Amino acid sequence: DSGVTQTPKHLITATGQRVTLRCSPRSGDLSVYWYQQSLDQGLQFLIQYYNGEERAKGNILERFSAQQFPDLHSELNLSSLELGDSALYFCASSSTSGSSYEQYFGPGTRLTVT
Amino acid sequence: AQSVTQLDSQVPVFEEAPVELRCNYSSSVSVYLFWYVQYPNQGLQLLLKYLSGSTLVKGINGFEAEFNKSQTSFHLRKPSVHISDTAEYFCAVSGSTGGFKTIFGAGTRLFVKA
Numbered sequence: 001d002s003g004v005t006q007t008p009k010h011l012i013t014a015t016g017q018r019v020t021l022r023c024s025p026r027s028g029d030l031s032v033y034w035y036q037q038s039l040d041q042g043l044q045f046l047i048q049y050y051n052g053e054e055r056a057k058g059n060i061l062e063r064f065s066a067q068q069f070p071d072l073h074s075e076l077n078l079s080s081l082e083l084g085d086s087a088l089y090f091c092a093s094s095s096t097s098g099s100s101y102e103q104y105f106g107p108g109t110r111l112t113v114t
Numbered sequence: 001a002q003s004v005t006q007l008d009s010q011v012p013v014f015e016e017a018p019v020e021l022r023c024n025y026s027s028s029v030s031v032y033l034f035w036y037v038q039y040p041n042q043g044l045q046l047l048l049k050y051l052s053g054s055t056l057v058k059g060i061n062g063f064e065a066e067f068n069k070s071q072t073s074f075h076l077r078k079p080s081v082h083i084s085d086t087a088e089y090f091c092a093v094s095g096s097t098g099g100f101k102t103i104f105g106a107g108t109r110l111f112v113k114a
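Going down the list, the protein sequences come from chains A and B.
Counting in my numbering, the first sequence runs from 1 upward without gaps.
Counting in my numbering, the second sequence runs from 1 upward without gaps.
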């Protein structure tokens, strides 16, 4: 158990809909990262937040947005969903924002868009 | 910018045999290197990391990796694998100066056969 929690574990929704994925980092960790894992694209970095501020951006679509709240939990919002958005979405956390630090991954949310 | 190439998508090996999972990276700056493991239906967890110093890094579960700057490689090795090592292994790189992104390779599926 990494200490990172993600809800829900599974989500099935239709094209065009909007969903919110939630992540609670390990106690004391200030950085939260979001990744998308799919069979064809592998593990893709989406976005990082540190203590409430956006720190780094990866291949995140404009239809996707994220935020980190004062209690350090984070939400990833996916809108106008397409079939291709079906994937496993991971949240990870680390103690600081530095790139040398280990990231602790949650169990993921499996999103299926039908 | 950094990139990571994992040269083998799948590696089948018999139990108790040695294994090497290959990883090459490219970067214009000094790097930090990581190997993560993902067991079925779980998130990623850190096996080992190289930040600086000794080029031979020992990790959990008997794995080790060697940083070779001239060949820009960070291959993962284990002298004797177990059935329980069956998993997906990801090599990752991040820059030691500027930027906070960690880039993951496409993954290598290690399949240990009895």
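Since the hints were made in silico from the structure, they are not lab data.
Being a predicted model, the structure only gives us computed values, none of them experimental.
Cβ coordinates follow ideal geometry from the N, Cα and C atoms, glycine included.
Do not rely on the hints blindly, as some may be mistaken.
DSS-like mimics (lysine-lysine), calculated; alpha carbons at most 30 Å apart, straight line [stated by the list, open to error]:
hint, chain 1, residue 1, chain 2, residue 2
1, A, Lys9, B, Lys69
2, A, Lys57, B, Lys101
3, B, Lys69, B, Lys101
4, B, Lys113, A, Lys57
If you only want the chain B side, here are some residues facing chain A, beta carbon under 8 Å, derived [unchecked claim]:
hint, residue
5, Leu44
6, Lys49
7, Phe67
8, Thr86
9, Lys101
These are the hints, each one checked on the structure:
Under the criterion of a C-alpha separation no larger than 30 Å, the hint pairing Lys9(A) with Lys69(B) is inconsistent with the structure, at around 40 Å. Taking the CA atoms of Lys57(A) and Lys101(B), the gap is near 8 Å; set against the 30 Å cutoff, the hint holds. For the hint pairing Lys69(B) with Lys101(B), the CA-to-CA distance comes to about 20 Å; that is within 30 Å, so the pair holds. In summary, the hint linking Lys113(B) to Lys57(A) is not supported, as the alpha carbons are separated by about 40 Å, beyond the 30 Å threshold.
Proximity of Leu44(B) to chain A holds as hinted, the smallest CB-CB distance being about 4 Å (cut-off 8 Å). The interface hint given for Lys49(B) holds, since its Cβ lies 7 Å from the closest Cβ of chain A, which is under the 8 Å cut-off. For Phe67(B), the interface hint is violated, the least distance from its beta-carbon to any beta-carbon of chain A being 14 Å, above 8 Å. A cut of 8 Å between beta carbons decides the hint on Thr86(B): the least distance to chain A is about 18 Å, and the hint is violated.
The criterion of a C-beta within 8 Å of any C-beta in chain A is met by Lys101(B), whose closest approach is roughly 5 Å, and the hint holds.
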